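Colleague: So the sequence lines, in the order shown, correspond to chains C and S.
Residue numbering for the first sequence follows our numbering, beginning at 10 and increasing consecutively.
Residue numbering for the second sequence follows our numbering, beginning at 10 and increasing consecutively.
Please keep in mind that the hints were generated in silico from the structure rather than gathered at the bench.
Heads up, some of the hints might be wrong.
Note that the list lumps identical chains together, so a pair holds whenever it fits in one copy or between two copies.
[Stated by the list, open to error] Quick list of in silico lysine to any residue cross-link-like pairs, SDA-like style, CA-CA up to 20 Å:
no.	residue 1	residue 2
1	K351	E210
2	K351	W130
3	K351	T300
4	K88	E325
5	K159	A109
6	K32	P214
7	K32	R232
Since this is a predicted model, take the numbers as computed values, not measurements.
Protein chains: 2
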Amino acid sequence: MPVFLDTNAPDFEDAFAALLTAKREDSPDVDDTVAAIIADVRARGDEAVLDYTARFDRLDLTADQLAISASEVDAEIAKVDDTDRAALEQAAERIRAYHARQIPEDARWTDPEGAELGWRWTPVSAAGLYVPGGLASYPSSLLMNAIPAKVAGVSRLAITVPTPDGVINPLVMLAARLSGVDEIYRIGGAQAIAALAYGTETIAPVDKITGPGNAFVAAAKRRVFGRVGIDMIAGPSEILVIADGDNDPDWIALDLMSQAEHDESAQSILITTDETFGREVAAAVEARLETLERRAIAGASWRDFGAIITVRDLAEAAALSNRIAPEHLELCTADPDALSEKITHAGAIFLGQWTPEAIGDYVGGPNHVLPTARSARFSSGLSVMDFVKRTTLAKMTPDALRAIGPAAETLARAESLEAHGLSVTARLRKLNR
Amino acid sequence: MPVFLDTNAPDFEDAFAALLTAKREDSPDVDDTVAAIIADVRARGDEAVLDYTARFDRLDLTADQLAISASEVDAEIAKVDDTDRAALEQAAERIRAYHARQIPEDARWTDPEGAELGWRWTPVSAAGLYVPGGLASYPSSLLMNAIPAKVAGVSRLAITVPTPDGVINPLVMLAARLSGVDEIYRIGGAQAIAALAYGTETIAPVDKITGPGNAFVAAAKRRVFGRVGIDMIAGPSEILVIADGDNDPDWIALDLMSQAEHDESAQSILITTDETFGREVAAAVEARLETLERRAIAGASWRDFGAIITVRDLAEAAALSNRIAPEHLELCTADPDALSEKITHAGAIFLGQWTPEAIGDYVGGPNHVLPTARSARFSSGLSVMDFVKRTTLAKMTPDALRAIGPAAETLARAESLEAHGLSVTARLRKLNR
Chain C
10 MPVFLDTNAP DFEDAFAALL TAKREDSPDV DDTVAAIIAD VRARGDEAVL DYTARFDRLD
70 LTADQLAISA SEVDAEIAKV DDTDRAALEQ AAERIRAYHA RQIPEDARWT DPEGAELGWR
130 WTPVSAAGLY VPGGLASYPS SLLMNAIPAK VAGVSRLAIT VPTPDGVINP LVMLAARLSG
190 VDEIYRIGGA QAIAALAYGT ETIAPVDKIT GPGNAFVAAA KRRVFGRVGI DMIAGPSEIL
250 VIADGDNDPD WIALDLMSQA EHDESAQSIL ITTDETFGRE VAAAVEARLE TLERRAIAGA
310 SWRDFGAIIT VRDLAEAAAL SNRIAPEHLE LCTADPDALS EKITHAGAIF LGQWTPEAIG
370 DYVGGPNHVL PTARSARFSS GLSVMDFVKR TTLAKMTPDA LRAIGPAAET LARAESLEAH
430 GLSVTARLRK LNR
Chain S
10 MPVFLDTNAP DFEDAFAALL TAKREDSPDV DDTVAAIIAD VRARGDEAVL DYTARFDRLD
70 LTADQLAISA SEVDAEIAKV DDTDRAALEQ AAERIRAYHA RQIPEDARWT DPEGAELGWR
130 WTPVSAAGLY VPGGLASYPS SLLMNAIPAK VAGVSRLAIT VPTPDGVINP LVMLAARLSG
190 VDEIYRIGGA QAIAALAYGT ETIAPVDKIT GPGNAFVAAA KRRVFGRVGI DMIAGPSEIL
250 VIADGDNDPD WIALDLMSQA EHDESAQSIL ITTDETFGRE VAAAVEARLE TLERRAIAGA
310 SWRDFGAIIT VRDLAEAAAL SNRIAPEHLE LCTADPDALS EKITHAGAIF LGQWTPEAIG
370 DYVGGPNHVL PTARSARFSS GLSVMDFVKR TTLAKMTPDA LRAIGPAAET LARAESLEAH
430 GLSVTARLRK LNR
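With the sequences and hints as input, model every part of the structure.
Modeller: The following block contains the structure:
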């Protein structure tokens, strides 16, 4: 059973604080192992990557087999049935349409002093995307990472996907094709991250690496950060549902379980204005947990980290939600738009009872790579912005330099940076001659 | 003397590669020390912060003296002379005007299936800004960090600035006042970062920490990353000037020295189409190095990391520049705008001979916190975007769910995430009843 809280209870504040700070994940310390793998890939290149792939994925390859060829991709894609293909195509189209609106605009203007100012956005040249292998190999995650990169204009997009025992996931190949991925390598783990960051004889280095992975992959991404850009290091998934009593308890139960089934460390929380409804949802969860395929995982998550919180009103619900800063937030209330105006920190909001969170995982359009572990207080989900960067522009005229140069001279002197000031002085002297 | 390269030379590629990969900075490994300080501040709060301040800054305080009061700020500001005050005010106004244009727009639209989609930007609630003390205490850097935060709408902006032996920098206090900083604490080092990230009895925790610092501060920022957001970890400064022969060698020499004087690890590079002009600049640098106040620092930087590269034409210059991905790029050519179109990776571009880089450090308007060490390949300078985050929005109607829900069911099944699919199925079943 999850924990039941009530904001009217005298010990609520302590119990809520405990919920906020509960440590859900114990990451194994694999940093030394990962450091050694990265150093080895830097030193021995392809040869090291091939050795690790033989050891960890039980797959003996030669360097020219590291890439999955276009004809192999064709052969795998041919195995996808029409229903799956149509679903993936619809998802790709909708994700592309949403992200196309995120392309940022350049700016250029002349200010009152005559200075031309502005900025320009350019895409990252080469990006690498890590795709987990085996059970956690999700074609939807490939779309969510690769499509924003291609929409941003990344010209070279490489993916690495381990294929333990040589088994390739046909839907992942189709997702790569639909996203416009340029290169696919059948490697994984820290060795794949090292190859993307530093390059090998076969794999050219990239400038930015995104995508989820296990503890080894996460540690490797942290290590290569600075050499390349990385996306966030995602923690276990979370959902917060705010619901009034006018909802189907089974729908809400399924929404809570849709995150709980990801991972025993996932967290599902219901905040409701109706205590009775909260108990009905708890009962509906128990009923569903009798038959769900992933009931062992979902049950453990719900038992250890689930919570049902009764609040006095929706304003209180919003305030608690902002303290949680949830990755996914469902608003199942009569006027979800009005409630959403009160939300200041959340990765993604799903408005109204017809918008289960799972829509956002696949076909809604917005990205499903979202800030976890309360990081929605300061960060955003993956987007086109992760694959572009801004160059600022400034162009002075003689008049503009006359107008603002003296202030630069003054401040340079105040900061004891003489050459800074002299670079302005030399020019002003010529103008004032 | 700097290194002289020529793209016509047979060994150019090797020499240029060596220039690109030269290690300019040996960061001391202070990670264990920093970990201990952070743990101590988490355990003992104010008391630990006060102990470290006594030890490192030779300053005995009580908890209620941690904050610099408004009347102390007033007293310090009164010491600033009118010229310095006017210069700082002009800089603040121009930085504010530039960054105000960066506020991103919300979006909301209805797609052909009837789904309402969009996103909304919200500011970080509380930000902390680290301001170095002593010699490297730059009021301009305070403006460059604090103004974007306030323009973004950060409601609580706290700064920490160490005051060794109790000495406060009046211009830093004025910069804080002009930027709208809400709280000022006279602490520094890893203990300041720990206090901002975790909070103490006196200092409430923040959600995001930005600002430059020494190796201890940088290591502490890395450690608290995840608990709070951080900005980039900046490396030593760099400038690349692309100039044709039609420039004053002394101006270009001063521009090169304006970065070299920052730090012995700074790097200044000139790329020119005119070999003779390159030699004239080198001579002008030597002349300036005889009198510059910071000639020891600037001279060491120029000797160890400076370079003058002769190229065949400007297209080649742009191609080399893109491989360098410089923090600061000056284009001193007849048509700098045309040349800038060929630049794909740079933190900031300064167009034409009337735009010395120093203008951008103080009063141009664009931010002077920029990506170093080739990270302009994948990252941008500090901006309003660093203090806001995006929440994505999705709202389905029954019709929209009918149109796209089946694809979500299919993909959930393909990924073996049953509850995801059932959360859609349950709703579609009601619609199709």
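Colleague: Which earlier hints turn out false for this structure, listed by number in ascending order?
Modeller: 1, 3 and 4
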